[in-house]
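Peer 1: Letter by letter, the chains look like this.
There are 2 protein chains.
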Amino acid sequence: MAIRLTSSAPDFEENLAGLLSAKREDAADVNDVVAAIIADVRKRGDAALIELTARFDRQRLQPATLAIPADEIAAEIARVDPADKAALQRAADRIRAYHARQMPTDQSWTDPEGATLGWRWTPVDAAGLYVPGGQASYPSSVLMNAIPARVAGVGRLVVCVPTPDGVINPLVLAACDLAGVDEVYRIGGAQAIAALAYGTDTIRPVDKITGPGNAYVAAAKRQVFGRVGIDSIAGPSEVLIIADAGQNPEWLALDLMAQAEHDADAQSILLTDDPALADAVAAAVDALLARLPRREIAGASWRDHGAIIVTRDLSEAAAISNRFAPEHLELCVADPETLATECRHAGAIFLGAWTPEAAGDYVSGPNHVLPTSRSARHASGLAVTDFLKRTTVARLSPDALAAIGPAAVRLAAAEGLSAHGMSIQSRLDAQNRTSLE
Amino acid sequence: MAIRLTSSAPDFEENLAGLLSAKREDAADVNDVVAAIIADVRKRGDAALIELTARFDRQRLQPATLAIPADEIAAEIARVDPADKAALQRAADRIRAYHARQMPTDQSWTDPEGATLGWRWTPVDAAGLYVPGGQASYPSSVLMNAIPARVAGVGRLVVCVPTPDGVINPLVLAACDLAGVDEVYRIGGAQAIAALAYGTDTIRPVDKITGPGNAYVAAAKRQVFGRVGIDSIAGPSEVLIIADAGQNPEWLALDLMAQAEHDADAQSILLTDDPALADAVAAAVDALLARLPRREIAGASWRDHGAIIVTRDLSEAAAISNRFAPEHLELCVADPETLATECRHAGAIFLGAWTPEAAGDYVSGPNHVLPTSRSARHASGLAVTDFLKRTTVARLSPDALAAIGPAAVRLAAAEGLSAHGMSIQSRLDAQNRTSLE
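Chains as they are written, first to last, in this note's numbering: chain A, 31 to 467; chain B, 31 to 467.
Misleading hints may appear alongside valid ones.
[To be verified] The calculated label-pair distances, taken between Cβ atoms and stated as ranges, are: (1) B:N45 <-> A:R74: 22 to 30 Å; (2) B:D231 <-> A:D304: 35 to 43 Å; (3) B:A94 <-> A:T140: 44 to 52 Å; (4) A:A69 <-> B:A69: 24 to 32 Å.
[As the list claims (entries may be wrong)] Non-contacting residues of chain A with respect to chain B, defined by C-beta distances greater than 10 Å in every case (computed): (5) T36; (6) S38; (7) P40; (8) A66; (9) D309; (10) S345; (11) A349.
Since the hints were made in silico from the structure, they are not lab data. Keep in mind that this is a model prediction, so the values were computed, not measured. Even for Gly, the Cβ is constructed at its ideal location relative to N, Cα and C.
Start from the sequences and build out the full structure, keeping to the hints where you can.
Peer 2: Printed below as a string of structure tokens:
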């Protein structure tokens, strides 16, 4: 059902360009609605949150019940199957171990002129994590956002998760508990983002907001960007698989559908130099779609956005992959390490047939919050450094200022900034006076 | 003329809160105008650029003259004073040496389960640097943006600089040349940002856009964010100085005015535990303002946004500084290294009386593109990593998948994502079949 292209076909470039530029999301223009919600929360604080939560989530709250208290969290967690809890723990341990290696170190050195230079890393004071409610309320996303923040040393970690009609996912609370989240609020939508950015009487503001959400949440994050830091604006998920002859078509079909089942806007693409494998995977996908529980979603995604592209060779596949800059790139080929060196743009690379992308969604260790919609051309997945900031540090000795100051005075003059030049020259003059005394 | 506060006064907290929340910029709402310009450039490409440049910059261009050709650049550079050129070279060398140390290394390791994990860094393919025209057309900013991009290994580096009435700053072109810029276009405003993000027949699109600009440029950057990467949205510049008894009041006054002379919206703040120093600096600023060439701008900034705050001790000054999270923080105290450990939020720290902030604007080495408007709480200055992206890499051995896969299958089931679980389980089943054979 997905589009099938062959790179040697005369109309290939045209068809590929169409696939690359196809819009997968109807981005509803909710900017005005969101701006009004943010203004309301800034003005009326808790009262606005309570009113909006009653309207959108059919939940009657008071300031004292905005937060989910520790005993309610504990009671919910007690309902979680121990095997699920153990799996969550396993995932948390592996994610923590991976992200601990991302912790950068401070640098300082003194150059020949006598300038001591470097930089320091410090965590943000407080971070807020948005967790969607309902179907897309994923405990794995809680771990993927909260653990890097904790590794970074963030002092205060806040989660907002809407609980429409009072329904909450106990595994989400278990993940919050495992990751060391400090506060959980049962609010969602643009109003939650506004509360995190500007604060209310009950919810103190944070410095950085991460986590996925619907169009309202995304628009709200864009609008508060600058007031607080945000992670990227997530689009629909995607996988691109490069496979060579001899790969298992059922596994490839499952990997394609694991992406497609997320969302009808998701995209799954197979690139292969083997036309027979292309046929086999297409057939395997069709067979799988007949029995997959989420076949409606996965089928729509595969029909509307899926693609199988037969290329001349694997290098051409890598070049085409670079134009997609996929969020997830699976290299199911005999020598994935070599092919990976040709793949310049991807959020995450999965090497070899034993590394299904789904393992990376949960337990491999790397983050599953990754750049979508071709933004891997310029963006990276979530990391510990997203919860840190770098402060540059400089100390000039009098000799260093004497050595490099005159060039700065010259440039300040060229830029017409007299006080800049004078602030340096007055110090150079003082040195000269001292040396003359 | 600036506000004077004392931390022990009963109304201090109220006054400080007012100072912290004071808006320094009239952010004109230019979003609609900018959206129309972007749409026009997307639709009509070069023709839109030419028409908008005729209207805003009074420049008649053709597609062939959008770019400034190499011989014109060379002729302009030939007009630059050799001493200015040497100063630029000195600055470029020091900026390059500092940023070379920011180049991160790839990581790869194999954990006890047999998972080979890590990440790789790759540069963006193309970066665009916006350089304002007219008064704020600073060659130093060209170096501060272009050199990190070059250090990162960006393949194609493009500058857009408006040349109203045909006037261009030769030093800006000299800086482009020194930094290795590949293409220079004489266009500006939102239309330049649109061309960089979406491309035209003449200007190929880039992946990342950095550089300062007016309200139109800032709004355009916010609107194209996602399509391309952007640096932060810059607000007016600011300095906060903490000084103790015995510091030179003239130097401190010059450092405060070096910030104030940028822009009437700039902010200069002195914190000191010595009331006598506060008096002396206030007097020195007044004396300086009488003779400073840019006294109108600096005077307005100091009157409307400047502040001198007398604190009980230096630790209290550091705590107040953390609330401002200043772009530039000068520690003119006897032991600046110790005080720096108490300063958690700042874009750049300048240690000791011989490290005037202005030296950092040009020649110290660290970047002068820094987070403004309290965003140092969560953001960092421009760095080499802004022109790189991190791709995570994972390779699981069959044993590794056997060890960690079951936890992923469990979590996929809990999240209702069947194909996720099946993509892992089918591989585990194959292993079991093989081991039974």
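Peer 1: Taking the hints in turn, state whether each one holds.
Peer 2: Hint by hint, here is what the structure shows:
no. : hint                          : result
1   : B:N45 <-> A:R74: 22 to 30 Å   : 26 Å, holds
2   : B:D231 <-> A:D304: 35 to 43 Å : 38 Å, holds
3   : B:A94 <-> A:T140: 44 to 52 Å  : 51 Å, holds
4   : A:A69 <-> B:A69: 24 to 32 Å   : 27 Å, holds
5   : T36                           : 26 Å, holds
6   : S38                           : 25 Å, holds
7   : P40                           : 24 Å, holds
8   : A66                           : 15 Å, holds
9   : D309                          : 20 Å, holds
10  : S345                          : 17 Å, holds
11  : A349                          : 13 Å, holds
Of the numbered hints listed earlier, not one is contradicted by the structure.
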